[in-house]
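Undergrad: Sequences are here, hints too, so could you generate the full structure?
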Amino acid sequence: MRLCANWLPLSPDLTREVAARCEATGLWGIGVGDSPNYGELYSACTDALGATSSLVVSTSVTNPVTRHWSVHASAVRALASAHPGRFRLGFGRGDSAVHTFGLRPASLADLEHFGRSVADSARAAGVGPFLLVAASGPATARIAGRVADGVIAGVGGDPVALRTIRERAHAARADDAPFEVWASVRIAIGRDDDEVRDLRRRLIPRAVSASHFAFASTFEGKNVPEAYADVLAERYATYDYGSHGRSGATSNATMFADRPDIEDYLLNRFAVVGRPDDCRARLEELSTHVDGIYLSLLFEDALTQIDRIGVMLA
Numbered sequence: 001m002r003l004c005a006n007w008l009p010l011s012p013d014l015t016r017e018v019a020a021r022c023e024a025t026g027l028w029g030i031g032v033g034d035s036p037n038y039g040e041l042y043s044a045c046t047d048a049l050g051a052t053s054s055l056v057v058s059t060s061v062t063n064p065v066t067r068h069w070s071v072h073a074s075a076v077r078a079l080a081s082a083h084p085g086r087f088r089l090g091f092g093r094g095d096s097a098v099h100t101f102g103l104r105p106a107s108l109a110d111l112e113h114f115g116r117s118v119a120d121s122a123r124a125a126g127v128g129p130f131l132l133v134a135a136s137g138p139a140t141a142r143i144a145g146r147v148a149d150g151v152i153a154g155v156g157g158d159p160v161a162l163r164t165i166r167e168r169a170h171a172a173r174a175d176d177a178p179f180e181v182w183a184s185v186r187i188a189i190g191r192d193d194d195e196v197r198d199l200r201r202r203l204i205p206r207a208v209s210a211s212h213f214a215f216a217s218t219f220e221g222k223n224v225p226e227a228y229a230d231v232l233a234e235r236y237a238t239y240d241y242g243s244h245g246r247s248g249a250t251s252n253a254t255m256f257a258d259r260p261d262i263e264d265y266l267l268n269r270f271a272v273v274g275r276p277d278d279c280r281a282r283l284e285e286l287s288t289h290v291d292g293i294y295l296s297l298l299f300e301d302a303l304t305q306i307d308r309i310g311v312m313l314a
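To convert, note that position 221 of the sequence shown is 221 in my numbering; the numbers rise steadily by one, no gaps.
Derived from the structure by calculation, the hints contain no laboratory data. Heads up, the beta-carbon is just placed ideally off N, CA and C, and yes, glycines get one too. Possibly wrong hints are sitting among the right ones.
Label pairs and their calculated CB-CB ranges [what the hints assert, rightly or not]:
hint : residue 1 : residue 2 : range
1    : Pro36     : Leu303    : 21 to 31 angstroms
2    : Ala314    : Ala124    : 39 to 49 angstroms
3    : Gly102    : Met1      : 35 to 45 angstroms
4    : Asp176    : Arg197    : 43 to 53 angstroms
5    : His170    : Ala109    : 16 to 26 angstroms
6    : Asp110    : Arg197    : 35 to 45 angstroms
7    : Asp261    : Thr238    : 14 to 24 angstroms
8    : His68     : His99     : 14 to 24 angstroms
TA: What follows is the structure in structure tokens.
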């Protein structure tokens, strides 16, 4: 069971400590997010790589819009060369990092061009980059199959939707080279039932953010219950990117306050919350459908949660 902690770089010192703690805990890797109001992505990846000796570090994820592809390619060449086998480039069309500044996500054609350009540049320099495309739907999954080595599936832990992502990506492959499918979920581990209940409340806005990425453009191939589709589409129109990914009392946190059934659905699909044994069982079941799992931490409690992941793994 390959597990990566997902982290937003709050500060260089904390990024180094989080990375070192992940490695000591036995996690396979760490993903570093590219989002406004946090540290610079590639500097943070350098911090994480420098603080560890075996941890795999990936961007999870960046985009082709806020930096030119040549800037990404330069960073890929440098990091992949300095840390062979330990750096991966995860990229997608752009979500909070794009919308926050009034920009539009990359088109599918631009996304494919980006992947090919970065890969060609790195290979010309003698570096074999490992590329992952963030995909929540069939069209982006097909691009992942054509230009990347794997996909970060932004559809939560739903086995049907994960299978659709895998099938569409494999159908677009030009060869039989290995291709990885990674799930992405939020995680919060509690010590007792009271703490678990509190963590579920805190994770509601994080689950809403994850579901917005997954469902806002289309429900095609995502196995969304028909009874929820219209309500989800209507409420996503009020989504606040200023509160994207944040826990606590935000407008996103109360988006479905009058629909506890939808809150439970989103939490159960996009988050793993419970005591250590319960979380381990859920992740082991999910791991039968994928090659690895990204675990987005409660960033304000990252070190505590990493320690509890260690307890879970033990």
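Undergrad: If a hint holds in the structure, say so; if it doesn't, say that too.
TA: Results of checking the hints against the structure:
1. Range check, Pro36 to Leu303: Cβ separation about 23 angstroms, and the 21 to 31 angstroms hint holds.
2. The hinted window of 39 to 49 angstroms between Ala314 and Ala124 holds, with their beta carbons roughly 45 angstroms apart.
3. Distance hint check for Gly102 and Met1: the Cβ-Cβ separation is about 40 angstroms, which falls inside the suggested range of 35 to 45 angstroms.
4. In this structure the supplied range 43 to 53 angstroms holds for Asp176 paired with Arg197, their Cβ-Cβ distance being about 47 angstroms.
5. Take His170 and Ala109: their Cβ atoms lie about 21 angstroms apart, and the range 16 to 26 angstroms holds.
6. The beta-carbon spacing between Asp110 and Arg197, approximately 44 angstroms, falls within the hinted interval of 35 to 45 angstroms.
7. For the pair Asp261 and Thr238, the supplied restraint of 14 to 24 angstroms holds, since their beta-carbon distance comes to about 19 angstroms.
8. Restraint check, His68 to His99: a C-beta distance of roughly 19 angstroms satisfies the suggested window 14 to 24 angstroms.
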